[in-house]
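Trainee: Residue strings, one per chain:
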Amino acid sequence: MQLRLQNVQPPNIPPDRVRQSGVWGTDLTLAAGSRVLVNAPSGSGKTTLIHLLYGLRKTFSGEYTVDGKNTAALGRRDWSELRQCRFSVVFQDLRLFPQATGLENIRLKAELRPVPAARDIPGMARRLGMDDKLDRPVSTLSQGERQRIALLRAMCQPFDWLLLDEPFSHLDETNIGYARALLMERIEEEKAGFLLAGLGFDYGFPTDKTITL
Amino acid sequence: MNRLLRQIIWRGQSRRSFVFAGVGFLLGLSFLLLAVQLYDRVYAGIRADLESGELSRYLVLHKRIGNAQVMGKASPNFNEAEVAEIREQAFVQELAPFRGNSFAAAMTMEQFQDMQVLLPLESVDDAFLDTIPNGWSWKAGDARIPVILSSEFLNLYNAVLAPSMNYPRFTREFIQQYPLEILLIGNGQKRSMPIKVVGFSDRILSVLVPGEFLSWANQEYGSGERAEYARVIAQVSDPGDAALKRFLEIKDYETSQDALKGTAAGALQALLALMAFLGLLFFALATVIFLMAFELTISRSRQEIDLLIQLGHTLPSLTRAVAGMFVPVVLVLGGLSVALMAGVFRLLSDTISAQGLAIEPGIWAGVWGAALVFLGSVMALSLWRIHASLVALAR
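Residue numbers (this note's numbering), protein chains in the order written: chain A, 1 to 213; chain B, 1 to 395.
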């Protein structure tokens, strides 16, 4: 699924940032299956970009097209469809249901469009050291554990693009390695692309494009 | 999935409003259905009778017996002028006076020598009879006198008189076959004549004999024909007519059995209207509370619903999740309402029957139809409102 941003400018990005950006105010095409690292200093609009691509932010000038279709013309149902089987995301603020268990959080996504990989959620969780914490309410988990639940949730659905907004900020190198391995397996399975937004680290992910916000 | 969504949305939500609305819904729907049931099982029958002229369009009028009548200062009977005045009223279509016996008459039986049941004999124009049975004629010289008995008179005889006096009880069929006699006493004479019960009247509470016989007997055994009448029977256009009621009040006239039914019909109509009003009020309030409670639930779960939409959940699936167990609960409440209505209807049946009104047993099919309409309405309205609230939230 090809993504294209043509002269897109969100109103919250200062003009001097827009002038220096490789994304805002330019013509940026992300081909299907691309592996993109977004190098973004704080405040440059990293989360804005993720939200815009995922369809949560709709106030911008310019044109954002998905497979040639202008997203301005997409309705609620179209975005539900895209979020169910074309886009997967790990939000920077995770956006989990704190009172629900880790497993319930994952199932809320996994059961929308079941994929073979999601048949063994405990097995995937085990690889991230989370299998014994799936039944605990998210509110009782540490930030790192919550981050892994959010990663598992993002992997338990079909997707063409995996959008990652600082997904490893609370993980140590070992756990980042486990997560990366699992994420890459799923990306390969889905023949998908990913967009990893961070503060300049690629966390060992194989990327074929780096853009600076 | 739906269960999981319900858990997310309903976690920590108060159900008190829903319980409150549920009770109101149950009461409101029960009232409404009871009104529908009573309308069909009781009121429609009375209405049909009224409209076909079978029932209360015939009113038997008499003067209220007060102190003046008891003391002999006023006549308890209608004179010709008073009969003419009633006849002139706009609500009166036809009118005829009852002529009564001016001699003593008693029913006797050969097998029961000591049996003497005093009979108030009356005659009225044949046009006012429910039906004119075979053998309903008499001319001077005829040995046997045909009689039309009031059904109520026979009931009263069987229920009270027969057991208290140790007289035999009669079925309708039996009394028509049984050799009965009438003892006529007056003017120093006494004569026994055979009588035959040829029919029964539900309309006129009396013992009716042909006019020719009464004229003859009054001459022979009584003081002749009187120029005043204890009762008159009137066919009216509408027994519920306010002008009719006002006339009766002003004149201090009373109506007998049929009028009672007419009055009961009026009272029932008012009762049904009140029940339908209260039922609708409760039902509407309960529906409004349901709608407000759903909106409150959505408002309190705004963050959760927002996140679910972000994750790709659709509004129809979220509508189902917010509605939760509403649809099955409403269906159960509907079933309970019908059961409650049926219970109350059963309790009321005896009271209604005691008022002399016919009541059909069983639940009318229309009650189920009405229940489905009301249940469908509240469910459709609630689901529409939930969906609309979610659409507003998703913007």
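If you're looking for bench data, these hints aren't it; they were derived computationally from the structure. Don't take every hint at face value.
Here are some, though not all, of the chain A residues that point toward chain B, as calculated from beta-carbon distances under 10 angstroms [stated by the list, open to error]: (1) L52; (2) N70; (3) T71; (4) A73; (5) R77; (6) R83; (7) Q84; (8) K109; (9) V115; (10) D160; (11) F201; (12) F205.
Straight-line Cα separation of at most 20 angstroms, SDA-like style, residue types lysine to any residue; simulated pairs [as the list claims (entries may be wrong)]: (13) A:K58 with A:G68; (14) B:K73 with B:E254; (15) A:K58 with B:L307; (16) A:K58 with B:R226; (17) B:K196 with B:D241; (18) A:K58 with B:L4; (19) A:K133 with B:I309; (20) B:K245 with B:Q269; (21) A:K191 with A:E81; (22) A:K58 with A:Q84; (23) A:K69 with A:T59; (24) A:K58 with A:V18; (25) A:K69 with A:Q92; (26) A:K69 with A:L28; (27) A:K58 with B:I309; (28) B:K63 with B:R226; (29) A:K58 with B:K196; (30) A:K58 with B:D306; (31) B:K190 with B:Q69; (32) A:K69 with A:L56; (33) B:K139 with B:K63; (34) B:K196 with B:L307; (35) A:K58 with B:W216; (36) B:K196 with B:E212.
Here a beta-carbon is modelled for each residue, glycine too, at the ideal position from N, C-alpha and C.
Trainee: Between K58 (chain A) and R226 (chain B), does the CA-CA distance stay at or below 20 angstroms?
Mentor: Measuring from Cα to Cα gives roughly 101 angstroms; hence the hint is violated.
Trainee: Taking only the CA atoms, is the gap from K139 (chain B) to K63 (chain B) under or equal to 20 angstroms?
Mentor: Measuring from Cα to Cα gives roughly 32 angstroms; hence the hint is violated.
Trainee: Verify the proposed pairing of K58 (chain A) with Q84 (chain A), using a straight-line Cα cut of 20 angstroms.
Mentor: holds, 19 angstroms
Trainee: Is the hint on A73 (chain A) kept, meaning its closest Cβ partner in chain B is under 10 angstroms away?
Mentor: violated, 17 angstroms
Trainee: Keeping to a limit of 20 angstroms between CA atoms, is the pair of K63 (chain B) and R226 (chain B) held or broken?
Mentor: holds, 17 angstroms
Trainee: Restraint: K109 (chain A) near chain B, CB-CB cut 10 angstroms. Satisfied or not?
Mentor: holds, 6 angstroms
Trainee: Between K58 (chain A) and K196 (chain B), does the CA-CA distance stay at or below 20 angstroms?
Mentor: violated, 98 angstroms
Trainee: Run the distance test for K69 (chain A) versus L28 (chain A): straight-line Cα separation, threshold 20 angstroms.
Mentor: Holds: K69 (chain A) and L28 (chain A) sit about 15 angstroms apart, inside 20 angstroms.
Trainee: Run the distance test for K69 (chain A) versus T59 (chain A): straight-line Cα separation, threshold 20 angstroms.
Mentor: holds, 17 angstroms
Trainee: Double-check F205 (chain A) for me: the hint is only fine if its C-beta lies closer than 10 angstroms to a C-beta in chain B.
Mentor: Not OK, violated: F205 (chain A) not within 10 angstroms of chain B, min 24 angstroms.
Trainee: Holds or violated: are the alpha carbons of K58 (chain A) and W216 (chain B) at most 20 angstroms from each other?
Mentor: Measuring from Cα to Cα gives roughly 106 angstroms; hence the hint is violated.
Trainee: Go through the hint on N70 (chain A) and say holds or violated, using the shortest Cβ distance to chain B against 10 angstroms.
Mentor: violated, 20 angstroms
Violation of the numbered hints given earlier is confined to hints 1, 2, 3, 4, 9, 10, 11, 12, 16, 17, 18, 19, 25, 29, 31, 33, 34 and 35; the remaining hints are satisfied by the structure.
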